[in-house]
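J.: Take a look at the letters that make up each chain.
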Amino acid sequence: MFEFGKNHWLLFGVSFFGFIGLAFVVGIGPAIWVQRHSQPLPGAVAPTALETAGLHVYVSEGCVACHTQQVRPLEMDAVWGRPSAPGDYAFMRAAGLWQPYAPAVLGSERTGPDLSNVGARQASDVWQYLHLYNPRAVVSDSVMPAFPWLFDIKAAAGEGETAVPVPAPYAPGSGVVVPNARGRALVAYLLARRQVPIAGYGGTP
Amino acid sequence: MIEATSPTAVVRPFASPKARVEPVADTDTAWVRLVFRYVSWATAWLVFGTLVGEYLGIKFVAPDIDHVPWLSFGRLRPVHTNTVFWGWSSLAMIGMSLYVVPKTSRRSLFSFPLAYLSLALINVSVLVGNILLMSGINNGGQEYREYIWPVQAVFATGVILVAYNLIRTIATRNLDEIYISNWYITGGFLWTIALLVIAGLPWYQQNSISETVIQAFYMHMGVGMWFTPIVLGLTYYTLPRLLNKPIYSYSLGVLAFWTQMVFYSMIGAHHFVFAPIPWWLQTVAIIFSVGMVVTVIAGTGNFLLTMRGSRHAIGRSYSLPFILAGVLAYFLFSSQGTLEAFRSLQALWHFTNYTVAHSHMTMYGFVAFLIWGTVYGLVPRMTGREPAALLVGIHFWFALIGYLMYSIALMVGGSMQGRNWIAGNPFIHSVTDMLPYWLWRAVGGSLMFVSHLVFAWNVWTMRPRSRAAILEAS
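Those protein sequence lines, which keep their order, are chains U and P. Going from the first sequence to our numbering is simple: count from 1 and add 3. Going from the second sequence to our numbering is simple: count from 1 and add 31.
A portion of the hints provided could be inaccurate.
[As the list claims (entries may be wrong)] Pulled a few chain P residues facing chain U out of the computed Cβ check, cut under 10 Å:
| hint | residue |
| --- | --- |
| 1 | Phe143 |
| 2 | Glu174 |
| 3 | Ile209 |
| 4 | Ala225 |
| 5 | Leu232 |
| 6 | Val244 |
| 7 | Pro271 |
| 8 | Phe303 |
| 9 | Ile308 |
| 10 | Pro309 |
| 11 | Trp311 |
| 12 | Phe373 |
| 13 | Gln377 |
[What the hints assert, rightly or not] Derived Cβ-Cβ restraints for the label pairs, each shown as a range:
| hint | chain 1 | residue 1 | chain 2 | residue 2 | range |
| --- | --- | --- | --- | --- | --- |
| 14 | U | Pro76 | P | Val99 | 37 to 45 Å |
| 15 | P | Leu376 | U | Ala81 | 15 to 23 Å |
| 16 | U | Phe5 | P | Trp311 | 27 to 35 Å |
| 17 | U | Ser143 | P | Arg416 | 32 to 40 Å |
[As the list claims (entries may be wrong)] Where chain U lies over chain P, by a calculated footprint (3+ residues, C-beta under 8 Å):
| hint | region |
| --- | --- |
| 18 | 92-106 |
| 19 | 163-169 |
| 20 | 413-422 |
FYI, nobody ran anything at the bench for these hints, they're computed from the structure. Cβ atoms here follow ideal geometry from the backbone N, Cα and C, with glycine treated the same way.
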């Protein structure tokens with residue numbers, strides 16, 4: 004009756020629809036469930052337009068390849084903050100038509116530090132700019148890529164702009180280093196990475 | 032005509048003499064050219080993709096080697112992974128499937144134009160996808176699906192058309208039984224089509240956690256329901272053909288097939304152990320990761336028992352060593368994957384370079400080696416032209432030593448990263464302690480890359496002859 008070895012439609016049908024059935028159990032079903040039950044944490048503030056633009060720079064430059072944004076409920080992860088909660092990601096939304104999925108920021112590799120709470124750990128925008136312009140300028144042993152294309156080299160800082168005080172070995176031959184729109188957005192996003200406190204679990208007010 | 036070289040004609044101190052294949056080429060030149068076209072494109076993507084990988088490896092020890100946005104690590108990393116996945120491994124597998132499925136169905140391929148169209152679609156998707164990634168346009172950072180959805184849709188269309196082509200071929204086969212290879216090959220295609228659609232639909236991926244649930248499902252199935260079943264299916268054909276004896280057990284193959292489908296589908300969430308996704312989902316993934324031991328032992332046992340008593344044949348062949356190494360890697364590194372799923376070991380290894388070692392040992396030591404075994408085993412039998420056995424040997428040893436050097440360095444280094452974090456050392460220690468291991472990784476990676484250049488030359492020497500030349504020779 005069940006001659007899978009001879010009846011190709013039976014074989015193909017069972018393997019195809021069987022797989023889709025399993026996909027509902029461990030993929031689509033749980034995804035729908037967590038999406039319905041997900042909401043921002045009490046006290047969380049919606050991101051500004053600049054911070055959201057920064058999230059897209061973060062994704063576009065592939066920062067997720069080396070940085071996680073998930074603190075595990077393990078003692079070794081306590082240094083990065085409190086354990087991550089689903090609500091921490093409630094404001095991460097799809098970017099639009101070409102990127103219709105919420106960006107993947109949880110990460111799978113920690114070649115660099117976890118960034119869930121980096122805004123509290125390194126709250127200085129000058130440090131963040133220096134570090135992005137050339138990480139070796141502030142952390143000599145860092146292997147992070149430099150991102151000079153998030154900056155402009157100008158003869159002098161314009162009105163309302165602040166030059167980044169890049170130390171001599173890393174500074175351009177002439178002119179000053181000023182963050183461009185993408186650089187400013189990325190730093191705004193990074194500085195906003197502050198974990199909302201959860202009673203009994205910690206966080207950064 | 033193939034030279035009638037005796038296997039013992041040349042004495043080489045470090046290489047056992049290799050037997051030549053029977054001097055019979057497939058006379059269907061259109062079919063041979065189609066398969067060869069796929070293999071050639073796959074090889075071109077292999078060389079490009081691993082050149083990118085090599086450069087990325089160098090960046091760990093020389094981060095200021097360039098400051099070009101298009102070549103920055105974050106943008107280039109997905110170019111490497113997607114190229115070797117969809118350009119190299121996929122096209123090579125599909126190409127060899129276009130040979131094995133008609134062969135085991137005892138008829139010709141359903142449609143040649145359709146097969147060429149699929150090749151063009153997949154090539155275009157990899158090319159365009161890579162250009163977009165390098166210009167900073169990606170899908171949202173989801174690993175192995177970084178190409179934006181219109182590009183993924185082109186790739187998926189290519190895969191769907193091949194699947195249609197193969198299924199129509201099997202449906203009109205000239206024998207009663209569906210050979211076990213075709214279970215695995217069509218299984219791989221059908222599961223991957225379902226997967227590409229599930230991962231492509233956006234409605235249940237509108238929040239980073241629901242997206243992560245789908246990503247966990249996708250990233251594991253993308254490997255394990257595509258590459259694994261299809262290379263196993265190819266091996267179920269190549270191994271018995273090269274050894275000239277039947278597969279040890281048909282039933283073991285069937286058992287491994289069904290358990291592959293049921294167990295493997297459940298284990299994606301082991302990539303996100305301790306993440307804020309449902310805990311039960313992680314536990315289910317860990318349990319079925321243990322279940323995969325059944326599938327892996329059934330599969331490897333079947334191949335090894337088929338090889339039993341054929342040690343001499345393996346030693347005399349230049350293709351069978353690749354298959355033996357691939358089968359052993361399948362066993363060892365799938366078992367490693369089961370161990371890695373446990374929470375206790377995830378605590379040590381998750382987020383470290385250990386994971387990078389694991390993915391190379393599986394996608395390279397297992398998948399690529401079985402593809403190479405199939406290409407070296409079957410292509411000379413199609414075209415009637417053989418590569419130089421010495422050069423195949425150089426490819427084998429450079430690739431094997433290279434990837435072991437690469438992986439062992441990253442396994443040791445990755446464990447040290449994890450221990451550093453557990454010990455609570457300053458984070459930068461886990462970076463500086465890695466430097467020697469990253470250097471060894473670059474050395475191993477260079478050996479792998481050189482072996483791919485040798486492989487590319489070997490593919491060229493196996494190229495099909497013109498129809499006139501074949502007629503003249505026969």
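J.: Are the hints correct? Go through all of them and say.
T.: Each hint tested on the structure:
For Phe143 (chain P), the shortest C-beta to C-beta distance to chain U is roughly 21 Å, which exceeds 10 Å, and the interface hint is violated. Hint on Glu174 (chain P) holds. Least Cβ distance to chain U is approximately 6 Å, under the 10 Å limit. Checking Ile209 (chain P) against chain U by beta carbon gives a least distance of about 6 Å; that is within 10 Å, so the hint holds. Taken as an interface hint, Ala225 (chain P) checks out: its beta carbon lies about 5 Å from the nearest beta carbon of chain U, inside 10 Å.
Against a cut-off of 10 Å between C-beta atoms, the interface hint on Leu232 (chain P) holds, since the closest Cβ of chain U lies about 9 Å away. The restraint placing Val244 (chain P) at the interface with chain U holds, with a minimum CB-CB distance near 4 Å, inside the 10 Å limit. Interface restraint check: Pro271 (chain P) against chain U, minimum CB-CB distance 16 Å, threshold 10 Å, status violated. Interface hint status for Phe303 (chain P): upheld, as the beta-carbon distance to the closest one in chain U is roughly 7 Å, under 10 Å.
Given the 10 Å rule on beta carbons, the hint for Ile308 (chain P) holds: about 7 Å separates it from the nearest Cβ of chain U. Interface hint status for Pro309 (chain P): upheld, as the beta-carbon distance to the closest one in chain U is roughly 6 Å, under 10 Å. Using the Cβ-Cβ criterion of 10 Å, the hint placing Trp311 (chain P) at the interface with chain U is satisfied: the shortest such distance is roughly 9 Å. The restraint placing Phe373 (chain P) at the interface with chain U is violated, with a minimum CB-CB distance near 14 Å, outside the 10 Å limit.
Contact between Gln377 (chain P) and chain U, as hinted, is supported at the beta carbon level, the nearest pair being about 9 Å apart and thus within 10 Å. Between Pro76 (chain U) and Val99 (chain P) the CB atoms are about 40 Å apart, so this pair conforms to the stated range of 37 to 45 Å. About 20 Å separates the C-beta atoms of Leu376 (chain P) and Ala81 (chain U), a value consistent with the hinted range of 15 to 23 Å. Distance hint check for Phe5 (chain U) and Trp311 (chain P): the Cβ-Cβ separation is about 32 Å, which falls inside the suggested range of 27 to 35 Å.
The beta-carbon spacing between Ser143 (chain U) and Arg416 (chain P), approximately 55 Å, falls outside the hinted interval of 32 to 40 Å. Counting residues of the region 92-106 of chain P whose C-beta lies closer than 8 Å to any C-beta of chain U gives 9; at least three are required, and the coverage claim holds. Beta-carbon proximity to chain U at under 8 Å applies to 3 residues in the region 163-169 of chain P; the threshold of 3 is reached and the given coverage holds. With 0 residues bearing a CB less than 8 Å from a CB of chain U, the region 413-422 of chain P misses the requirement of three and the coverage assertion fails.
When the structure is compared with the earlier hints, violations turn up for hints 1, 7, 12, 17 and 20 and for no others.
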